[in-house]
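One line per chain: the protein sequences are A and B, in this order.
Quick note: the first sequence, position 110, residue 109 per numbering that gives the first Met the number 0, numbers continuous.
Quick note: the second sequence, position 154, residue 153 per numbering that gives the first Met the number 0, numbers continuous.
Which residues of chain B face chain A? A few of them, derived with a C-beta cut under 8 Å, are: (1) Gly166; (2) Leu202; (3) Leu328.
Don't read these hints as lab results, they were simulated from the structure.
We treat Cβ as the ideally placed atom computed from N, Cα and C, and that holds for glycine.
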Amino acid sequence: MDFLNPVINGFAVVLEPTNLLYCLVGVVIGMLIGVLPGLGPAATIAILLPLTYNVEPVTAIIMLAGIFYGAQYGGTITSVLLRLPGEASSVVTVFDGYQMARQGKAGTALGLASIGSFVGGTASIIGLTFLAPIVASFALDFGAPEYSALALLGILLVATISSGAKTKALIAAALGLLLATVGRDVFTGESRFTFGSLELADGIDFVPIAMGIFGLGEILYNLEERHRAAKAPSKVANVWPSRSDLKQAAGSIGRGSILGFFLGILPGGGATISSMASYAMEKKRAKQPERFGKGAPEGVAGPETANNAAATSSFIPLLTLGIPANATMALMFGALLIQGVTPGPQLVEENPDLFWGVVNSMYIGNILLLIMSLPLVGLFVKILRVRAAILAPVTALITLLGAYTINNSMFDVTLVVVFGVIGYLMKKFGFEPGPLVLAFVLGSLLESSLRRSLLVFGGDPTGFFGRPISATLLAVFVLVAVLPGIRSLLAKRRAAAVAEPGTVQIKEKV
Amino acid sequence: MTHFPSRRSILGAASAVALLALTACGNVAGGGADSSKYPSGPVNLTVGQAPGGSTDLIARAISEGASKTLGAPMPVVNKPGANGALASKEVAGKPADGQNLVLLNASLITITPLAVTADEAVNIDDFDVIAGLSQDDYVLIASDKSGFKTIKDVTGAGRNITFGTTGVGTGSQLAQTVLFKQANVKGTDVPFDSGKPALTAVLGNQVELATIQLGEAMPQIKAGKVAPLLVFSEERNSFLPDTPTAKESGYDVPVAQYRAVAAPKGTPQEVKDKLVAAFQETFKADAYKAFNEQNLLTPKEISGEEVVTQWKEYAAKYKALVEKYSISLSGTK
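Make a model of the complete structure from these sequences and hints.
As structure tokens, this is what we get:
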């Protein structure tokens, strides 16, 4: 059982008082921003990134991870009580959660969501615990060719799975790729788009981009929205679901765990898509689908389980391969880089304390959330009354101050402002900032890995197919690229033959 | 991991002090410096590399010692960018009152100008070099699968060999390209971002050779996972006594990373004397000696004048070498 030793050591790391404290701080902040509509985990992590600079890497990531999965819990509360989804991943919870609350079953809805979140989150961590070392055991086989194939697959998935309009996602991704080319060419030393500025010689740093687009951009955008005053929430009683409710929801919690786990791993996937997919799946499976939207417990339990499972499992590609699966993970990537830790296959072996410390902190964090979420409901609802006019300037100031402290550079502050405006405009015109940021990260990885591989192969592109891992990844790439085409072709034929809506249509609704 | 918290918290305190210091310095410059009262506040030591790297660690080690003798704090300010050119140019433009120092890497002066345009390069004449610090050696390592155990195996292989470098315009790239030309071996230069990924590529047999800094390679050399073929220093490295130098093997390519502390040009002699004395005191301290030992650094505590002469000699030598073998470090032929 040698493999379990580092896992147990990881628990020792989490149980250090500092780490426990930061885990608690992380999940509380997470729940808090989960409650506040508009401010999502990505924005919060972007704003708090510089604060983690002076703490140990493990501690920093434990806190940031806590923010991410904590937000999945918090988002539920307002969805159920106020019909106000605090988080994009809790939008579908509104349908049945609020109906349940109106029927006086608010407590049951919240209880089911908490239990589901806990089960989903924990199942995902167990998956992570066993899957990560397997991926990491291939660490040294992961060279430039494998990274090129992986980055290519990542960019394709980001473009195809993203939730918004496809064309706009592609435009944003293209802008991200373009931004990734700024700076001195690593292979020739030639300056690209630096306009003679030494500040740009190393390219644009990821952190100011993320802080600008997610942090400042969100703050500016939210200022435009007139927030509805918080209504009096429904009474919360009886958080322990009855046996029949539990029985009804057990299946959806199980399915949500598995669905969320796998959708979370996929690049471009994540909490939001998983919750929507889970809702669609539950509705489709149900014997009486008409109950959905009228307070079906499965409609709360399934999505809430899936979004937590996905939030956790999206750490797998980041921590084992160094590939961020979604925008929040891209920020984690930035946080690790600031700490001088390069996420990748070597992480498990070189930094077992960090890796297992973070993974195991999620077990603890989930327990903390389960204990805290219900007693704190009343408090969180009060927080909704803080006016944006107070919240926005304070957060903007923290963002700009933070940007300065990372490199002691005024130039970075300017960058944050510029990208803040870009982020604001993108939101305003319906462009998702996620693809831009992910393409930026994956783009530079793709360029350097591809050129490095070609150097090693002596310019022969068939070399990619001579290595088992890169060949497999490229095969998957081709599959993902052509699959939608084939599926729609098949669907058209079937529709012509049977004239009955197939599975494809339901997928599209998702 | 255990030493991390202290360094991190020092870092935090240091950056806070640095902020204060920056504002304080504005006043000093305005009033005209009185060198007899030096230091009149914190002395900033700017580093052009990110925290945690070897250059940063060296800066922290010397600032700890020197601040005691000077009687003023010496916060380390990290300002990474363009291989350190950004930080160097910034300090060169500061008032020459000794309140702002920079830690210079020799490669920035001797090698980088061969790869970048003239206005991006840093000129050592813009500085008063205070003291030389230490020497960090490059070692040529071979992957397990390559089967290379000595440099003879490489020169006798009679085929194209892939070699990893730590980036364009680095000592690692210069040392290997010149070596390959002198040994008449064909090779493909594969640049990585820094030493670590280059080492990983050798461990994973993605490239056959790489030249990286000894401190990074040592754990894998000791574990027997990579074979050390050569060191590029003029003399054998005391931490790796069995590995021959390039010179012994018949190749004229002396490359190492040297580091020195410098102040803006025109710093008063009195101030420079005080700084030199403070650094000399640091060099004698056991803690600093142990630091060098631990990080496999060879002390090269020479005077500022010697640093300038030696670095200029190296710069001229490298320029002549790349011209002789018509090597282009930037790959744009």
